[in-house]
Structures are given as C-alpha cells and as structure tokens.
Amino acid sequence: MQSTDLGNKESGKIWHRKPSPATRDGIIVNIIHNTSDYRPKVLRFLNVAFDGTGDCLIAGDHQGNIYVFDLCGNRFNLVQRTAQACTALAFNLRRKSEFLVALADYSIKCFDTVTKELVSWMRGHESSVFSISVHASGRYAITTSSDTAQLWDLDTFQRKRKLNIRQSVGIQKVFFLPLSNTILSCFKDNSIFAWECDTLFCKYQLPAPPESSSILYKVFAVTRDGRILAAGGKSNHLHLWCLEARQLFRIIQMPTKVRAVRHLEFLPDSFDAGSNQVLGVLSQDGIMRFINTQTCKLLFEIGSLDEGISSAVISPHGRYIASIVENGSLNIYSVQALTQEINKPPPPLVKVIEDLPKNKLSSSDLKMKVTSGRVQQPAKSRESKIQTRILKQDVTGNFESKKNELPDGLNKKRLQILLKGYGEYPTKYRMFIWRSLLQLPENHTAFSSLTDKGTHVAFLNLQKKYPIKSRKLLRVLQRTLSALAHWSVIFSDTPYLPLLAFPFVKLFQNNQLICFEVIATLIMNWCQHWFEYFPNPPINILSMIENVLAFHDKELLQHFIDHDITSQLYAWPLLETVFSEVLTREEWLKLFDNIFSNHPSFLLMTVVAYNICSRVPLLNCNLKDDFEFFFHHRNNLDINVVIRQVYHLMETTPTAIHPDSMLHVFVALTKGQYPVFNQYPKFIVDYQTQERERIRNDELDYLRERQTVEDMQAEVDQQRVEDEAWYQKQELLRKAEETRREMLLQEEEKMIQQRQRLAAAKRELKIKEMHLQDAVRRRFLKLQQDQREMELRRLDDEIGRKNLTQNQEAVAKEMRADADAYRRKVDLEEHMFHQLIEAGEMQSQKTQKVMEENLAKAEQACLNTDWQIQSLHKQKCDDLQRNECYQEVAKLLRENRRKEIELLHAMVEEEAKKWKEAEGKEFDLRSAKKASALSDASRKWFLKQEINAAVEHADNLCHKEKSRFHNEQEDSSCLPRTSQLNDTSEMDPSAQISLNRRAVEWDTSGPNLIEKVRNLRQRLTAQARHRCQTPHLLAT
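If you read the sequence shown in the numbering used here, its first letter stands for residue 1, the second for the next number, and so on.
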C-alpha cells in the first residue's frame, strides 16, 4: 500500500510507482495531509465526491482546502482555499470543470477547477447543508439541510423551489433518482415521497414499513436504474423497496456485529444494465461490507476496527471506492482487486483441436469442439486471461462488440435481446435508450445557429394548414420545421414533412434539440432515397415494398391491382405519417422501439407486415374510398402481431428483394456540425426555388403597387372624412350654441320655479309653525279646561252627597213627625203621607238627574262644535280623519243611548212586574179594608191631585230639555221616556190603593238604579271626550 502526504504542495503526483493493490485490502493509495509548520498537525478530510467519469475525485478538509485527484493522470491539484470547513461536495455538474461546495456558514459556492475562480455564490439555508444531489443532466441541484431543501438552477444559479416542513418532522435526505426526473424526499418520520422535477407534482408516497421490522430510516441508496431503494438506520435490518411496485419486497438482516447503518451505496456494474445487485453497507464499527442483495451473501469488506471508515463514495463506473478514515486520511480502493477472487472465470469450455501456424491461420481452418453448454463469460473479464490461444474469431468478436457498444454504457445486442423479451423498452428509460441507439451528438451550437435564423418563410402560415390547439406545440413544430428547412432546402418544399415530424415534436416538445436530431437521424437513415424522385413520392422505395409484398402475399397484391390500388395508396400514407395516423401513442412507441433498434429496412418491412396482417379487411374492400379510409384511420390490429410479422419478413425475405441490400447501415449524425443533406434532385429543387422566388418577387411588386393605390385611396378618403368632419363640427357647434341658449332659458325658468317653491315652502313652514303653536296653546287650554271640569265634577259630587244627606235627614224628621201625628189618627194616612213625601223627593231627584244629563250633553255638544270650528282651519287632508273621529264619537253616543234605552226597558219591565204584584196585594187589601175606603176617599182624592200636579210639572221640564237638546244634535235621536207617573191620572180609583205599597218598594230599589245610571253616563261621557281629543291632538 502506497501512502502520499500532500504537505504544503499545491500539485503533484498521487503515487510514485505503479500501484498494485493487494487482494486482501484492495487499497491503491492512502492520502494524508500533514502541515510542515513549527507544530505539524494532521488536516482531516471531511468530504469526497467523484465526477461524472469516475476517474477524478474532489476532497475537502476541515480548513477549507479543496483538492482534485486525477486517478488516470496520476495528478492532484489544490483548486481552492475556502478558509472554512466544507460540509458537502458535488462534482458531477454539466460543466465538467465546475463543482459545488457547501460551507460551514450555510452558503453554497460554485468554483471552477481550471480557472480556480468563484463562479457563483448561493445563499438561502439557515442551517448546515449536509447533502448535495445533482440531476443526471447536471442542470439542477438539490441542497438539503435539517430544516429545508432547496432546488437550484445551475444555469442561472437561482433558487427555483424551496421545501419547508415542520420542525417536529425534519428532513433526512432529498435527492434525484438516477437517470430520471424524479425527486425522492425522505423525512425523519419514515415518510418517503416521490415528486416530478419539472412540475413538483407528487407522484406517489411509499407506505409505512411493517411494524415487525420498523426502523427509523437514516441512510438511503438507489440503484442506477432507479428501481430499487435501500434504506437503513439504527438496526441491523435493511429494507429494499421496489419503487415501481411501491412496496417493500425484501428485508435483509446483517450480521449481529452490525448494530447501526451509517451509509449505504450500490456498487455499479457495466453488465447489469443499472440493476445493481451489490450493496455497500457502512456500519457503526467503521467497516463497510458489500453484500449481494439477491443471494444475501457477504462478498467482501473494507476498513477495520483500528482504521474505521467514517464515509465512503463509489465511482459511477464502479472501479474505485474513496473512503475517509476516522484519522482523517483518504483511502482509494480498487474494486477489481477486491472482487478478483469472486470474479474468477470458470474453466474454459472451448477446446483447441489444432494449432496452425500464424501465417496459415484462417476462419475456415479453425476447428473447435464444444463439449457442453454455451460459452459463459465471467461477470468481469478485465485483467483475467482465458487459458486458450487467441483465435481470429476473438478479434472479430471484439470488433462486433465494439460495433454494438453504445454511449452511456449500453449495448445494442443486449437491448435487442431485452426488446425481444419484453416487446418494448421501459417507459422511464425509453428516451434515454433512443438517444443512445440513435447516437445523438447534441450539437447545441449548430442547432442554435439554425434556430437563430428564425421561422422559415415556408412555415409562416403553418397554423392555417395544420390548426393545432396547443400554442406551445405549434411553436415547437414551426421552429423544428424551420430548422430542418434551414438545414436543407428540400425540406421547405416537402409537403409531408409536418406529418412526419409531428409525432416526434409532440414527444420531445420539452427538448427541441433532441427533437430536431431525432428527426434528422430518421431522415438520414430510415428515409433513404425518399427524395430522389422529388416532388413525386419515392417510387423506388414503394417498388421495394411492392416486391416484398408480391413475394409474401400475392393474393393481396393481386387484389390491389384488380381494384387499381397502387403502392402510393397502401404504402405511402403509412410512410409519410410514420404510422402516427393508424396507431395509438403506446403502439407507436412500441413500434419505434423496434425500428430504432434494427436496420433502416425495418420501417419498410413494417409497411408490408401491416398490410399482410390486415389482409382480411383489405380483401373485403372494393372501393377506392374504403382503401383510403383504411390507411388514414386506426384499425383493430394488434401491434405485437405486426412486429412479429416484421421480424419474420426480415428473416424470410430473399436477399435479392430484401431492402437491406439497397439501404446502407445506420449512420449517426456527426458531432460539432450536422452533415450536408443533398440526396435529392438539385435542379428540380433549385428550379422550384427560383420559381418560388420569382413568384414571391412578383407578389411583392403587386403588393407594393396595391399598397401605393391603397395609400392614395386612403389619403382621398382621409381628406373626405376630414371635410365631412369639419362640416359636422360646424353643425355641431351651431347646435351646441342653440342648445346652450335653450339650457340657459331653462335654467332661468328653473331658478324662478325654485324661488317660488322656496317661498311656498317658507310659507308652509310658517303655517306649520303657527299650527303647531296653536295646537300647543289649545292642548294647554284643553288641559286647563279638563282640570277645571274635574274640579267641578268633584265639587258637584260633594254637593250632591251633602244634599242627599240633608234631604235624608229632613225626610227622616218629617217621617218621624208624620208618624207621631198620624199615630194618633190612622196608620194608613200616616203611611200615605210618608209615601207622598218620598215620591216627591224621588221625582225631584230624577228631574235633577235628567237636568245633569242634559247639561253634560250640552257641554259635549259645545265641545263638538268647538272641535268642528277648529277643524275648518285645517288642511283638506285632515278632514277625513276628523270625520272618522266624529263618526266614531257619534257611534259611541248612539251606543250610549242604546244602552240607556235598554236600561229604561229593563226598568219598565221591573215596574210592570211590581205593578202586577201590587195589584194582587191591593186586591187583598181592598177586600180587607173595603169598609174603610169610603171614609178616606176625600183625603185620597186630595193626595191624587197633588201627585198628578207634581208629575205633570216634571214631565214638562223633561220635555223642554229634550226638545232643546234635539235641536242641537241633528244626528242624535231623542230617547223615549216612559214614566209610570203619567199613568196615574188614568188610574181608576181602585188602583190608587196600591200606590203606597209600590212607593215603598221603589224606595228600596229606585235609588240604586238611579245611582248606577248616573255612573254609567259619566263613564260614557268621559270616554267619548277622550276619543274625540286624541285625533284632534294628532291632527294638530
């Protein structure tokens, strides 16, 4: 093992003699960095990263010194001093001389290893960056810290997106999947998400691992094909996830010595097509063990307990392993030396029968005997020698293998075997495989020069002929066709070029360079001899197809001939559209997987196979329109059957008519500049170009003349329009002046009307103010009047009570005096005299009550009359309300009268009852006192005369009051009065006997009834007065 000390040197050799790594440890060289200061110390390496080729690596120490190690050139160089420790490195950018370094101040810098200058400085993280993942194209990079992950555009060094998460979750790692546009984000809660790089759309999320083997993921690794994800943590278990199926398919248990996994990385192999099977597992003891994930066997290990490994990186091609030891040194291992025992070839199965001299060696003289089975090649044949002699066939085999080698480590033969097995390439890697099969040079400068010429005149009106809904797709198609037209003149006159290019433009619309080169490669190889009969279809190519069809299906060809169907109808539509009209997207992609993987004659054979597989519907067609419809629309046809038929035709077609004898093999586009394409009749194209140019010039002359005439006509029209506008303007000015005059007059009239309205409003306000003052004054007077009336009623009540008391006392005295006077005479006279006095008092009280009622009605009539006088000064709008109020008062008065009549009727009925009862008692008294009636006749006659006189006097008073009240109240009617006293004069002498008894009974019930009537009248009067005052106040 060689050891190299960098010391203070800025450049030098990595090793001084050819390294010969031992099989035991496989170390090529051990690199240390000791300073030669007064106190020497070891500068520890912290991070290391390989470039895209795998032959150079970059390493940084804790003081910020960054070295580049060229393992092929055996040189190291100090490219940068950052003066601070680096936390992450990335060396696989698109510009090969640039690298990214994450520093301790949370910034990311980009340096150039050649110029040693700072290219860019990126900031945005708030914690230490521990991971940098670069896209396969080298254009994008993802930097990850514990709290965020950021996506950077390395062309502009601008941040595109930022992933923010909760602090409670935390990020473990965010990285690109190899050779894809998928971003994988792994968090500390074991959640794993897959995102689309361009749109950042979440494609899927992996489910949670089973609880029986649940571990917290810390480290991750992905195979080169992006199908398998390995995850580990603080456990000796490893989880293998299938990203296509999105499920955990294997759990690997490491030896018991492994308690935690610190790093995982797959070991690439050139012969496994990216499906890496060897996984490197760095555990807590500093030993990195490499296991086979299929057999779960330990293959080899690096590191030891004394010199444990802290981190390790494997080169992209799998030849070297760079590890940083815990003491700070850097070890570089040879994978070939570590796997030498594993990859020992088996014994040779080819036995040399005879060894001829070298000068007589030929393929016909070689004789070999295969004992059993096929010749098996070891997994890695590098540095191993087969114990046989070198034969000529080996040289040819090496030439064939080199011929089949493709860029990016692919092999055409292997791809063909894979294609025949699965029928198509994986969707995820189809574009990558196509680019490798077609060997696209990606001439950015040449393509830019073509696109800089702008849109070709032949495709300026492309949208009119081919209306495409997507504006982006139309622009890409127009730009691609223009680039093809600028590349070769023939393509500006090719009518079917948009049909030929459209499926590729739609497929590669996000990468126009690849789209152009794919179409150009297709034209150069699969469209050979198409333009020899331009502008006619390629008769020679169609003849080849017709010859092959005639050999394999004469009946179908004869059917075409019988119905006058030529190859321009059953073959040319398929070729000019490259089957895009008759196949779906998936079928078309599957077909071109096979076309691009085979000889250019495969496309012509596909046309023949399509016709043969469709022979049943074609034999049933008899009209030309049916044939045209069939070859321009999709049909119910299995593309797998067509592809198998194509391979059958490729193998069974005779060489004389086989298209591959007339078409040359695949030729890729040249790097730097695109080849000249002149496989067309130049004189025809030149003539058409000249004619087109002449027509264009004539058209331009015509357009110029027409433009001149149009300009003159426009000037005349403009002058006429200006004149008309001037006249119209003058007319408008005149009309405007008249309108303004009318407006001024109208404004003056409006001002006068407004002044009048203002004066009227002032008058109305003054009147309203006067009305309000009058209403307030009247309300005040009404209030005073009510108070006085209440005081008067209170005084009347007191006087009435006093008079009643005095009358009662006088009556009692008179009764006692009469009783004493008549007690000595006759009890009957005393009783009659007492009844006479009581009847007089009762009649006087009734007369007084009637007078009081008439006085109240007179006062009410006066009030109504005052209200009517006041209402005459109100506006007409208040008349209806006051009338309604008056009607309501009148209704109340009528109701009051009705109730009085009912009361009187009740009293009359009561009187009739009492009369009947008195008559019965009088009949008994008459029979008992018949003898004493004659003696008392004279006195009774005298009493009867006095009573009649008193009744007539009361009736006269009542009649006068009623007639006066009737004259004042027109709408009221007089209440009929029935007095039992009027009938006194008409009584016969026998009826006068019961007068005393009736008077006694009236003495007990009469005063109570009169008191009730009085109270009822007072309440009705107060209510009527209150209802009439309320609308009056509202109206004021």
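Be a bit skeptical, because a hint or two may be false.
Said to hold, decoys possible - Pairwise CB distance ranges, derived in the manner of DEER restraints:
hint, residue 1, residue 2, range
1, Ala83, Gly454, 22 to 30 angstroms
2, Gly7, Gly73, 48 to 56 angstroms
3, Asn292, Tyr204, 23 to 31 angstroms
4, Leu460, Lys162, 36 to 44 angstroms
5, Arg694, His444, 53 to 61 angstroms
6, Gly73, Asp155, 36 to 44 angstroms
7, Lys464, Arg166, 51 to 59 angstroms
8, Met712, Tyr496, 43 to 51 angstroms
9, Thr427, Ser20, 32 to 40 angstroms
Source of the hints: derived by calculation from the structure; they are not laboratory data.
The C-beta atom is built at its ideal place from N, Cα and C for all residues, glycine as well.
Status of the hints after comparison with the structure:
| no. | hint | verdict |
| --- | --- | --- |
| 1 | Ala83 / Gly454: 22 to 30 angstroms | violated, 50 angstroms |
| 2 | Gly7 / Gly73: 48 to 56 angstroms | violated, 20 angstroms |
| 3 | Asn292 / Tyr204: 23 to 31 angstroms | holds, 28 angstroms |
| 4 | Leu460 / Lys162: 36 to 44 angstroms | holds, 43 angstroms |
| 5 | Arg694 / His444: 53 to 61 angstroms | violated, 37 angstroms |
| 6 | Gly73 / Asp155: 36 to 44 angstroms | violated, 29 angstroms |
| 7 | Lys464 / Arg166: 51 to 59 angstroms | holds, 55 angstroms |
| 8 | Met712 / Tyr496: 43 to 51 angstroms | holds, 44 angstroms |
| 9 | Thr427 / Ser20: 32 to 40 angstroms | violated, 46 angstroms |
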